[in-house]
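Visitor: Chain by chain, the residues:
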Amino acid sequence: MKIMTCPVNGPRNISEFQWLGPVHDTAEATDADLLNRLFFAPNPMGVLREWWRHTPSNTVFIAERDLTTDEILRSYLKGSDADRTASPA
Amino acid sequence: MPLELLKYGLRRGHKPFHDIPPTPDLRRSYDVVIIGGGGHGLAAAYYLSRYHGITNVAVLEKGYLAGGNTARNTTTVRSNYLTIPSIEFYREGVSLFENMSHELGFNVMFSQRGQLTLAHSDGAMRSFRLRAEMGKHAGTRIEVVDARGVQKICPHVNMDFGGQHEVLGGLWHADGGTARHDAVAWGYAKRAAENGVQIHQRTEVTGFGVSGDRVTEVRTNRGTIQAGQVLQAAGGMNGRIAEMAGIRLPIRCFPLQAMVTQPLKPFLDILLSSSDLHTYLVQSSRGEIVIGGGTDPYQLASTRSTLPQKEALATGALQLMPFLHNVKLLRQWAGITDITPDFSPIMGASPLQNYWLDAGWGTWGFKATGVAGKRMAETVATARVPDILRPFALDRFSRFELLNEMGATAAGH
Amino acid sequence: MNNRLGNGWGSRIDRNASMAFTFEGRPVTAHPGDTIASALAANGEWVLSRSFKYHRPRGVLTMAGQDANTLVQIGDEANVRADLREAAQGMAVTPLNVSGSLRRDRGRIIDRLGRFLPVGFYYRTFFGPGKNSWLKLWEPIIRASAGLGTVSLTPARRHYAKETRHCDLLVVGAGPAGLAAAITAAKAGADVILVEKEPELGGALTYARFDANAADAACKLAELRDKAAAAGITVLTGATCNGRFADNWMPVLQGDRLIRIRAAELVLATGAHEQPLIFRNNDLPGVMLSSAAQRLMRHYGVRPGQRAVVYAGDRDGYLAALDLDDAGVRIAAVVDPETEDRDGLSDVLIQRGLTVMRGCRITEAQGNRGGLHLKSVEIRDDNGTATSLDCDLLVVAGGYTPGYQLALHAGARLTSDDSGTRFSITGMPPHVHLAGAAAGLSDLGAVVASGEIAGTRAAAGLGLLPAQDLPAPVQARWRRAVPSQAHPKGRDFVDFDEDLQVKDIENAIADGYRELELIKRYSTVGMGPSQGRHAALATARIVARKTARSLAEVGITTSRPPFGPEKLGLLADTTPERYRHTALHAVHQAAGARMSPVGAWWRPLAYPGTAPMSDAIRREIRLVREAVGMLDVSTLGKLELRGKDAATFLDRIYTMAHARQPVGRVRYCLALNEMGSILDDGVAYRLAEDHFYVTATTGAVERLYAEMMLQKTLWGMEVDIQNVTAAFAAINLTGPHAREVLQRLPGSIDFTREGFAYLDGRSGELAGCPVRAMRIGFTGELSYELHLPQSHAPALWAALAQAGAEPYGLEASRMLRLEKGHIIIGQDTDALSTPDELDMGWALSRKKPFHVGKAATEQRRAMGRKRQLCGFVLPGGNDAGIGESSLVLSNGQPIGHVTSFGHSPTLGKWIGLAYAAPEDAKPGSQIRLRGFSATEIKAPVVALPFYDADNTRQEI
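Chains as they are written, first to last, in this note's numbering: chain A, 126 to 214; chain B, 362 to 774; chain C, 66 to 1021.
Watch out, some of these pointers could steer you wrong.
Said to hold, decoys possible - Distance condition first, Cα-Cα at most 25 Å in a straight line; then the derived BS3-like pairs of lysine-lysine:
no.: 1; chain 1: B; residue 1: Lys497; chain 2: C; residue 2: Lys196
no.: 2; chain 1: C; residue 1: Lys554; chain 2: C; residue 2: Lys440
no.: 3; chain 1: C; residue 1: Lys709; chain 2: A; residue 2: Lys203
no.: 4; chain 1: C; residue 1: Lys987; chain 2: C; residue 2: Lys974
no.: 5; chain 1: B; residue 1: Lys513; chain 2: C; residue 2: Lys201
no.: 6; chain 1: C; residue 1: Lys987; chain 2: C; residue 2: Lys931
no.: 7; chain 1: B; residue 1: Lys626; chain 2: C; residue 2: Lys201
no.: 8; chain 1: B; residue 1: Lys368; chain 2: C; residue 2: Lys201
no.: 9; chain 1: C; residue 1: Lys252; chain 2: C; residue 2: Lys285
no.: 10; chain 1: C; residue 1: Lys118; chain 2: B; residue 2: Lys376
no.: 11; chain 1: B; residue 1: Lys376; chain 2: C; residue 2: Lys611
no.: 12; chain 1: B; residue 1: Lys497; chain 2: C; residue 2: Lys1003
no.: 13; chain 1: B; residue 1: Lys368; chain 2: C; residue 2: Lys196
no.: 14; chain 1: B; residue 1: Lys497; chain 2: C; residue 2: Lys931
As the list claims (entries may be wrong) - From the structure, some residues in chain A lie toward chain B, with a derived Cβ separation under 10 Å:
no.: 15; residue: Lys127
no.: 16; residue: Asn168
no.: 17; residue: Leu192
Derived from the structure by calculation, the hints contain no laboratory data.
For every residue, glycine included, the Cβ atom is placed at its ideal position computed from N, Cα and C.
The following block holds chain A by itself, in its conformation from the complex:
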């Protein structure tokens, strides 16, 4: 089983985590980008920034993961230093 590193609880089995989908550029959908946001989710052959939740501790955080290799590059809390240096999704 893969290991995911929760920014609060450290490395844990990935079965303890729930995948919550891609990080969008904006918190809310605007009318203009609604369809994109609803239906045209990113599906890169590369790194995706995505929301994860560590269910036992209820920690929601961001992970950067390569969708072709399943390699988790890093994980961090929203608003952390790492988040601020992240490349836009």
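Dock chains B and C against chain A, hints included.
Guide: Chains B and C in isolation, oriented as in the chain A frame:
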């Protein structure tokens, strides 16, 4: 013994069958370029060449023939869907399978033994009743059975799970069956090639030349070709290919894992599945028990396999048939599915005039091999999307006219 | 016949004890420690089963469980490897693929018909003459011969166990390399687990010969075992590491136990697999690998034959010949394909008086009558001159492929040199180290050294040794495997499992299947239980030769877990998933409830006692309408939201306005998803300015909770959200007498009509229990929902009963709510349902700038609705068989379906909810319904609710 084998055996030496010709050199231009040498692409090539007189066709396959999801799916053929457009489309798919061996002169081993889906809850029974009513309306063979009916159809099912997941009833779909996945692709390939279609293995599309709203050329690792019409049927790579053509598809990739046991003397004739347990079982003609379930819980475009999914599939299988505990697993594998927001395929037009889509098949593309190939060939040949495909148009999402199949696809494939 | 060697041979058997089992009904004696195959061989039984396709007799090939030849049935267990499974007293062993007896199998006729069955023959025929001939005529015939062993439908129960372990270093394989690696790392302070599939440590040291002097291996074995014992290593023997998953998550099978090991570092000392040789009749019993002959002798004290020919494709052939000679097996000849003496060992043999034939190949083996055992071997020299030697044993040393499987699972590749005779593993990922024969090494000193290097590097990876001055990683060497040729008359098997000969592979290529994977699929080569361990390489070579490509272009093989067979029982979770029990579960049972799993919970459907269910349901409905009933609604999802942004947060999650909801008031909540479809509903009770108690449907609460946590993080809001579903129980008290019941109980809450209005919420004490009471309800009657810590629930339930309330169940509840036209999320809605389709526009606050799904709702509203949920009544009885999921037709086409339906005892009518075309869905109009018996009827649409249109009853 059939006559063909007698004739073969009495001949001296092996007279090759030449099913798949060696990959030829690329021509400079083709009337139709089909991207993806899986079942769908090959079937489309066959129908174009056989029924529409279009033979200057290239099928481009980046790896080996039918090595993607055609080779990795668990070969279920069924039409027990929830909405009329889906049922009508897949019903035509099933009927093409019924005659496929004869159409192709190649035994695809379509075995219509029926599919039984178990219900362990009120909600499942209600949903089955709806599927049965819709199916009957559309002329398919489908009915809801009670617990006694389940036992009659499949006496091996564990009915009470020790008080857990008690089987309340099931959905019996007599039209359901399996076919030999490879044979379907090879049969279409063989006959398409005989009609003049060129099949190019190890030929990867690397880009497109687009002029205005038309694709003009297809670039590959073996050279650039001109294309009159382009049909993309690239399975797990559909999103990526469309992107090269500047088209964004509402597709995300998820792995779908399955596994198979060592060969055993046949004891399970039907396809057995349970939507509540996310598990299905079928015994192949080799005697192996194929075990499958739902997709992985997160987005990924890798065919790696995982232990937790294997454990989950084994758990489901043993809940359905506890006596299998001694049976040994032989292989585990995965395919990459291209899932759309409404779990239904995208077929028909694209924003480009001469570029046609056959995508978003998720976990259920195999059963549509014939019908998608036939109807996409018709689309490409006539430049008009037939009515049966219209509900599956790409622009349904912007109209919020999604197909209401979200409940019908789980663990049924 | 007794084939036991004398003392000094047979390290694993206990000659002082004996036991008996049966093979095909015949008694067989064995010593403890014997495998089934070794015991049978000791008794002169060399045929274990018949082959899958041609029914050819098959026997011991590897003695290591690497092939399907040795599969047998033991009682209720199918496909058991006879060369691995220890013999046990009383077991009943039967051979596979036999009709009649093993020696006189009726199926052997198929061997003669082989020429009529070309590769892929089933694609050519068997589908005529009729449309259905495959299914009705041919498939049953083919299916009858499919499969290997037989599944028992009533096998004995077994207890399987799972456990999880963590370690610094997992070493797979306890041969000399694995032992050295484990010892080195353990000495450096690592916590090491060493996994070995054999019952003892030592690997090849326990059976193979490394030099002319056989004693060297024994000394090294003793030394390594002593060191391992002293080093504090956790040893698992008889344990197979069956795969490598991401981040070194390693399944290890030991008996009926699955041990999942998380290892920071991994050393793969998985050895090498000796390869069979291809020649005519290479599958005859009596033909075996050199390692198999050595295992039989050293482990089990079994003489593999009386007179042997040894094929020395590599050094190990010579060494095996020495062992055979030591054991007193006569050696007819040692056959070496090379003309030069590469290894300097032939002199040793010649000194012993043995014959060495150089520059010769084995071209054919001949069997005795019935082909049950090897009788002679045909040998040809480079000039093609043939010699025939009588023998009952042919020992083949045809080279090796590295034990590549786990390395390939980890992402490495199996590569070959240009000539395709030497193999290596490249591209190992971090934290995985290769050692020993798996790295292509065969010299014992080099093997041990490679283990030490791997152990050192693993220890450095753990930070136990300095990272500087590390020895270079073990360089994978090429390991030789001897190519072999086809025989013009065939029966030269490439794949023993699937009975595939060289010509089958060649013909597959000729038929157009030129890619390795296509050949595999077309011919089924490598698809059997041995997973191509012996066939993959040979096949790749044939393909390379036939298609004029290099092995690198062709590719050799891939590998996926599992490495070997694993029982489903080992993988399955032993604790079945269980439905949850509410705090009142026992109370319901004691009251004679009919319980049923609903969603994730056991719930009471009704309390019939000894009465029929339908009577009970009618009685309970009347109870609520005319007196007072109570329902266990503990299964509701319950969320607690606290913080200064709590109200703002709810305003964004739900469609109604909560910011100005007064403290002490309860409001309906409707949640949409971003697409504007209905996700969930419930109520929110404002306990304080910054504190809400929110209910959700039982099926949706987990999803809703996760969604809330995500949105909270996204929006950066100060709100603490707790899922208290399991902590709180809830009881719905409903009926015209509900208030009187409550007022009979002691407590701090004012339940008067004036003091506790509809949609009020009050917290306080009731019958000694802390409760949150809300005046809401699903039934349309005067209702109170009482939430309280679950441990208090039985006490309050009892107090309510004492005060005059009687329980009712879910069936009555469903009808009571239907009479009021209330929807159930998930039953009356689906993934596309919008509030507009349910006439719930009233629940969408127009003033709020935002709630989840608002933008989509507006866009979808602009596109108009295609269906509408409406209420209908049947004009008379239900002769048409209308039910939930009956179709609603418009112009003969289904436009919707009945979502809820039943006979209302209150109204004396059949009533229901259904999706219909919007133009038909208006009161006064009619909808066309199709019953389950296909009868169509028209049903009038009526305004909702069906009962108490002015909602006066809940206000009393």
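Visitor: Each of the hints needs a verdict: does it hold here or not?
Guide: Verification of the hints:
no. : hint                   : in the structure
1   : B:Lys497 <-> C:Lys196  : holds, 23 Å
2   : C:Lys554 <-> C:Lys440  : holds, 18 Å
3   : C:Lys709 <-> A:Lys203  : holds, 20 Å
4   : C:Lys987 <-> C:Lys974  : holds, 19 Å
5   : B:Lys513 <-> C:Lys201  : holds, 20 Å
6   : C:Lys987 <-> C:Lys931  : holds, 14 Å
7   : B:Lys626 <-> C:Lys201  : holds, 19 Å
8   : B:Lys368 <-> C:Lys201  : holds, 24 Å
9   : C:Lys252 <-> C:Lys285  : holds, 19 Å
10  : C:Lys118 <-> B:Lys376  : holds, 22 Å
11  : B:Lys376 <-> C:Lys611  : holds, 16 Å
12  : B:Lys497 <-> C:Lys1003 : holds, 20 Å
13  : B:Lys368 <-> C:Lys196  : holds, 23 Å
14  : B:Lys497 <-> C:Lys931  : holds, 23 Å
15  : Lys127                 : holds, 8 Å
16  : Asn168                 : holds, 5 Å
17  : Leu192                 : holds, 5 Å
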